[in-house]
Amino acid sequence: MGSGVESVEIKSASKHYGAVVALDNVTLSVAPREFVSLLGPSGSGKTTLLGLLGGFIQPTSGSIHFGERDVTLEPPHKRNIGVVFQNYALFPHMSVGENVAFPLRARRLPKADWPAKVRGALAMVGLAGYEERGVAQLSGGQRQRVALARAMIFEPRLILMDEPLSALDKQLRESMQIELRQLHKRIGATIIYVTHDQREALTMSDRVAILKDGRLIQIDKPAQLHDHPADSFVASFIGEASLLPVRRIDSGSVALGPATLRSARAIPNGDALMLAVHSEKLLIDDGADNAALNRLTGTVTDVVYQGESLRIFIALPDGTALSLRQPSHHEAYRRIPPVGGPLTVTLHPEDTIIVPKAAE
Amino acid sequence: MTHSTPDLSLRHHRREQGLMLALASPALLVILLLIVLPVGWLAWQSIYHDGFTLENYRRIFSEAIYWRSFSLTFQISLLVTVLALLLGYPIAYAASVVPKGWSVLILALVILPFWTSVLVRAYAWLALLQRTGVVNQFLQYLGVIDEPLALVHNTFGTVVATVHILLPFMVLPLYATMQKIPHDLMQAGASLGGSPSHTFWRIFLPLSLPGVLAGTTLVFVLCLGFYITPELLGGGRTVMVSLLVSRNVELYDQWGAASAVGVVLLLSVLVIFLIVGRFIPLDRILGQK
Ligand SMILES: Nc1ncnc2c1ncn2[C@@H]1O[C@H](COP(=O)(O)OP(=O)(O)O)[C@@H](O)[C@H]1O
Ligand SMILES: [Mg+2]
Numbered sequence: 001m002g003s004g005v006e007s008v009e010i011k012s013a014s015k016h017y018g019a020v021v022a023l024d025n026v027t028l029s030v031a032p033r034e035f036v037s038l039l040g041p042s043g044s045g046k047t048t049l050l051g052l053l054g055g056f057i058q059p060t061s062g063s064i065h066f067g068e069r070d071v072t073l074e075p076p077h078k079r080n081i082g083v084v085f086q087n088y089a090l091f092p093h094m095s096v097g098e099n100v101a102f103p104l105r106a107r108r109l110p111k112a113d114w115p116a117k118v119r120g121a122l123a124m125v126g127l128a129g130y131e132e133r134g135v136a137q138l139s140g141g142q143r144q145r146v147a148l149a150r151a152m153i154f155e156p157r158l159i160l161m162d163e164p165l166s167a168l169d170k171q172l173r174e175s176m177q178i179e180l181r182q183l184h185k186r187i188g189a190t191i192i193y194v195t196h197d198q199r200e201a202l203t204m205s206d207r208v209a210i211l212k213d214g215r216l217i218q219i220d221k222p223a224q225l226h227d228h229p230a231d232s233f234v235a236s237f238i239g240e241a242s243l244l245p246v247r248r249i250d251s252g253s254v255a256l257g258p259a260t261l262r263s264a265r266a267i268p269n270g271d272a273l274m275l276a277v278h279s280e281k282l283l284i285d286d287g288a289d290n291a292a293l294n295r296l297t298g299t300v301t302d303v304v305y306q307g308e309s310l311r312i313f314i315a316l317p318d319g320t321a322l323s324l325r326q327p328s329h330h331e332a333y334r335r336i337p338p339v340g341g342p343l344t345v346t347l348h349p350e351d352t353i354i355v356p357k358a359a360e
Numbered sequence: 001m002t003h004s005t006p007d008l009s010l011r012h013h014r015r016e017q018g019l020m021l022a023l024a025s026p027a028l029l030v031i032l033l034l035i036v037l038p039v040g041w042l043a044w045q046s047i048y049h050d051g052f053t054l055e056n057y058r059r060i061f062s063e064a065i066y067w068r069s070f071s072l073t074f075q076i077s078l079l080v081t082v083l084a085l086l087l088g089y090p091i092a093y094a095a096s097v098v099p100k101g102w103s104v105l106i107l108a109l110v111i112l113p114f115w116t117s118v119l120v121r122a123y124a125w126l127a128l129l130q131r132t133g134v135v136n137q138f139l140q141y142l143g144v145i146d147e148p149l150a151l152v153h154n155t156f157g158t159v160v161a162t163v164h165i166l167l168p169f170m171v172l173p174l175y176a177t178m179q180k181i182p183h184d185l186m187q188a189g190a191s192l193g194g195s196p197s198h199t200f201w202r203i204f205l206p207l208s209l210p211g212v213l214a215g216t217t218l219v220f221v222l223c224l225g226f227y228i229t230p231e232l233l234g235g236g237r238t239v240m241v242s243l244l245v246s247r248n249v250e251l252y253d254q255w256g257a258a259s260a261v262g263v264v265l266l267l268s269v270l271v272i273f274l275i276v277g278r279f280i281p282l283d284r285i286l287g288q289k
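Chains as they are written, first to last, in our numbering: chain B, 1 to 360; chain Z, 1 to 289.
In short, the hints are calculated from the structure, not lab data. Model, not experiment: these values are computed from the prediction. Virtual Cβ for every residue (Gly too), placed ideally from N, Cα, C.
Output of the computed footprint for chain B on chain Z, the stretches with three or more beta carbons under 8 Å from beta carbons of chain B:
| id | region |
| --- | --- |
| 1 | 176-189 |
| 2 | 192-198 |
| 3 | 203-210 |
Using the sequences plus the hints, can you model the full thing?
Encoded structure:
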């Protein structure tokens, strides 16, 4: 019990609600002190998976292990997990201090120790001195912090968070992301974090698990996920990618319409292949005679100014749409032709990502 | 500029209040005609009979029968309220935690008796509880008792039937409050280490108090003036205040005396609420977000 950190293992877990398959044979292991995000569109089973870990939901089949222990049938209050709920789930009839002290009371810890612990937990989240406040008086960000303090005060080995920042505005969300990361390093707990925001997942996590329709599609480090997506669903979900259907020619090249593209990566077998082009991987052709690069020529259809960068949309001769990003720099302005003008872009074979088309 | 803004919003606020008052006026008129006027007339009758008199009130405070009746009425109402709460709370709780279909069924069973008249239900209890009634015959058949029990024509029968008839008024406000308690609060309580009973006592129960308050108030007040069950099942021995009123009118044609009883009952309820309100932060419980 207490501060020992353990690994988490989910073995072939499924959850069915009648005919609805909320979770389909998910196997996942999380190392001690790891920060893993569960990322997927709404309805992909993220909350259900978190519910299995928290003990609020019983799996239809499969098992959950904390370290050596099988906790599949253990009730939530025996699991010693800190949970931060999507809408914080603060107790409205208690003050901030009473909320944070709830786990201490529930564990029958000596009452004399509460004030110091509550003070420490609130200081940890930057809310020192808020003990007497009512929950209703707090802002969204402050509620989020109270929920966090309450989930950490008993030093759980595992903390689960269900979209804890989704209700905050963008600026607060980004600063909380950094704070959570630092907090994670400081307390050294294992954190499993649910989000539908890919940038948030990439920013915060050691590894990201991609869920779709209750299935685990891929779990990897952020950079790996970005550069080596398992299929077109992952590629479309991570980063800003255009997905174009291609045909396999041989183990080193594919056909995109009339053009042939070389890839330095292994090209998967199969008929249904997609090219995933991240907009930051396309460069404007500088005319250097580098025959190794893939070249695509199209017409500029739109140039969108987005502050720190420009997003340029081009259409290939067969109508296929692509986009690329350029930093909003004077040099870039000069090289971009006006709308309707021709533009040739290069794609390095190392960045030519070919993925199998995901099932609909 | 900076000064005119609060003025404007205040004026806006006033106008909005005026509009609200206008919208509420038909309802206020109905309340005035159907409640305030009759009650006022009642109060007037109790102190005016061929001239101003406090004779009716003097009798209430000096004659033992009145004191006994008031005391009995409050005792029975308290007992009925407590029993209805003890029975109603688990029912409402069950209805609020089971899946939707089941909760509809439970509530339907609670409300179903509403569709038969109170009179019919009171007679049904008579049929069940009387000396030759179903309950006594069954117990005698089983050999549990030799002589029939006096289950009716007394306070017991009155209380049983009144609890049954008033139970929906307890269950419905309780359920309304309970189903609004967010489910993830209970999950949060459990995940933070609260056993099911700890979570119930510390989270669910406090959050259900507005419903408890509404339900108990409703049942208590309805019970204070309840007439049919003490009349049919009380056997003349359970003289609740409502019976005093009807006897004063029907037997003795004493409208003034009957009115005075009504006024005293009304005032004592108001006093009780004022006292309770001092000790329980009603507005905080009812206004809880
Ligand atoms: N109690 C339930 N009864 C029936 N279906 C449910 C229930 N809970 C979740 N589901 C279904 O399971 C799927 C996954 O839900 P959920 O885990 O909440 O997704 P997410 O959190 O990723 O948005 C959804 O299709 C949802 O409709
Ligand atoms: Mg969810």
